[in-house]
Amino acid sequence: MKSFWEQAVLAPLRELGQQALASLSSLLGMLVLVLLGLLLGWLAKEVVYRVLRALRFDRLCGRLGVGQEIERMGFAHSCSYLAGQIVQGIIVLAALLAGLNALGTPLTRNLVERFFLYLPHLLAALAILLVGTMLSRFLGRSVLIAAVNAGMPAARVLAGLTRFFVMLLTVVAALDEFGISRTTIIVTFAILFGGMVTAGAIAFGLGGRDLARELLQSQFRPRAKTEPNDQIHHL
Amino acid sequence: MPEEILTDQVQQQLQAAGAVDIVIGIPSYNNARTISHVVRAAQAGLLKYFPERRALIVNSDGGSRDGTGERVQETTIDPQVLLLVKHPLYPVHRLSTPYDGLPGKGSAFRTIFRIAERLQARACAVVDADLRSITPEWIDLLVRPVLDLEYDYVAPYYKRHKYDGTITNSIVYPLTRALYGWRVRQPIGGEFGLSARLARHFLARDVWHTDVARYGIDIWMTTTALAENFKVCQSYLGAKIHDAKDPGSDLSAMLAQVVGSVFSLMETHADVWSKVLGSLPTPVLGFPFEVGLEPVPINVGRMVGFFRQATRDLLPVYEQVVPPVLARELQAFAALPDERFALPDEFWVMLIYSFALAYHRRVLDREHLVKSLTPLYLGWVASFARQTENEDATQVEARIERLCLAYEQLKATLINQWPLPASEKR
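These protein sequence lines map, in sequence, to chains P and C. In this text, residue positions in the first sequence follow this note's numbering: the first is 1, and each later residue adds one. In this text, residue positions in the second sequence follow this note's numbering: the first is 1, and each later residue adds one.
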């Protein structure tokens, strides 16, 4: 009777208790890791914010046009603070994943492993997007100012095209980093670009060479060519 | 230990020449067409006005390939034709040397100053190599105030056509005057006289590997002399006529260089100009006389066109630079019909001050910022040309004086807004 009681009731109960204890310790471990991540994340955010502010990062962003872009997207904080928040987010996310890993189930372990393998690509793609956005704005503005100073009526079109193509290249590079099939991207890009050029050529051909010439002349020929020049010594 | 910029050959030549009283410097780059005339004028000026002084003419060349250096060596002058009252005691030596350092007029000046220092010259003058209107009197007018009246810096004073020197008239002269409180009419004239003390002071400054060495030397020298309390005067030289300008030279780049240099110097000397209000006249030496000036063709309609396009296409850029009220005014002036197109002085001054503040705060990439000023400047030139169409030189000068007063009156706004904001948004 005693042996039956031991085998049928107490042993399963003991096993259940042990399992519950193990799960509880894993849960507690996860909780501690998450709390630690939150604390570290907050600290890192403050440090990053203050260091970047001291290095006048906001002015750099403003100069490159990123600050205005961020404001336009509805963020009320400065670029330094935003960078701090990104660092905080990464730390909190990492802590959350470490916590999940601490649970020790095959599913969470697999999830964490895949995330960490993908993380460098994610960061590289974000960096490419950031640099590409800044570059497109900078080059677009360079072209715009140069074209206006040269008196080209299509200054905004030229600047827009510059921004578009730089961003297109940026997105292609970022997608490549994300791991989306390189061949697919190149083919898509080639089809898009080739299609645009062909469409333009056919449209001009069908519309008439004269019209095309007039349009190009009116849009891209600087005014100075058709009017007498000034002979001022400006200095 | 100062950096050695003179070649061994030049040093040997200097040793052979011995000490001199006066050094005349001629910076050049492919000026074979005109440099002979400039050298002759300098030589004649030295023989005629300083017969008892030892002197050297230095051509500091930027690697000319058209034989500029050879022209300097070949050029001779017959003292008989100069009708000299006093026989010169010493011959005038000449030296042509390529300069060391960054390519630009500043590096050429540095070599000239170093030679003047090495030869213990008491006075030094520099004149452009492309001058067609230089006469021997210019040498007297640039050097004598230093030797006899103990001035440190002699700026030129020219008679110019009303449409000549419009960057000087609209920005450089009034802004320099309002900032540093001294009225120097041609702060970027190109011809200057300097004392040995000032030349040594310039040489000791750590600017010879910056834009000053490339293109900003004229305004840097004038500003340094004014801001650091050297004794400054002006000499009346008459008309200034250059060799025909390179048609490919880019107004936008030129404006960016000049205005960028002025704005950059504002940062260097902020503690000086922020304490200055109003301005004082700088003595003008020499004998003022009227000169015949050739007409300057100007296409006002084209300039207004540039201004209008900029207020449309570059508006997002300007909105980052100027206050909203000025951005609205920009559009309103652009909408005026051709016959009524005019930019008021106060508007122009606030525009320039806004650009200076934006440069200081690095609101935009600095090159973008100053280059975006080009069409607005053309708008000012168009407005000025319309307003002065039927005005003579005196009336035009009075108009420029009113613009200068506007710069001075509105300077308080600039002073108040100059300090960078202590707290920025979190």
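These are calculated hints, taken from the structure and not from any lab test. A few of these clues could be false.
[Said to hold, decoys possible] One side of the interface only, derived from the structure: several residues of chain P facing chain C at Cβ under 8 Å:
{"id": "1", "residue": "133"}
{"id": "2", "residue": "136"}
{"id": "3", "residue": "143"}
{"id": "4", "residue": "144"}
{"id": "5", "residue": "151"}
{"id": "6", "residue": "155"}
{"id": "7", "residue": "178"}
Don't be surprised by glycine CBs; every beta carbon is placed ideally from N, CA and C.
Verification of the hints:
no.	hint	verdict
1	133	violated (15 Å)
2	136	violated (14 Å)
3	143	violated (11 Å)
4	144	holds (7 Å)
5	151	holds (6 Å)
6	155	holds (5 Å)
7	178	violated (30 Å)
In terms of the numbered hints stated before, the structure departs from hints 1, 2, 3 and 7, listed from lowest to highest.
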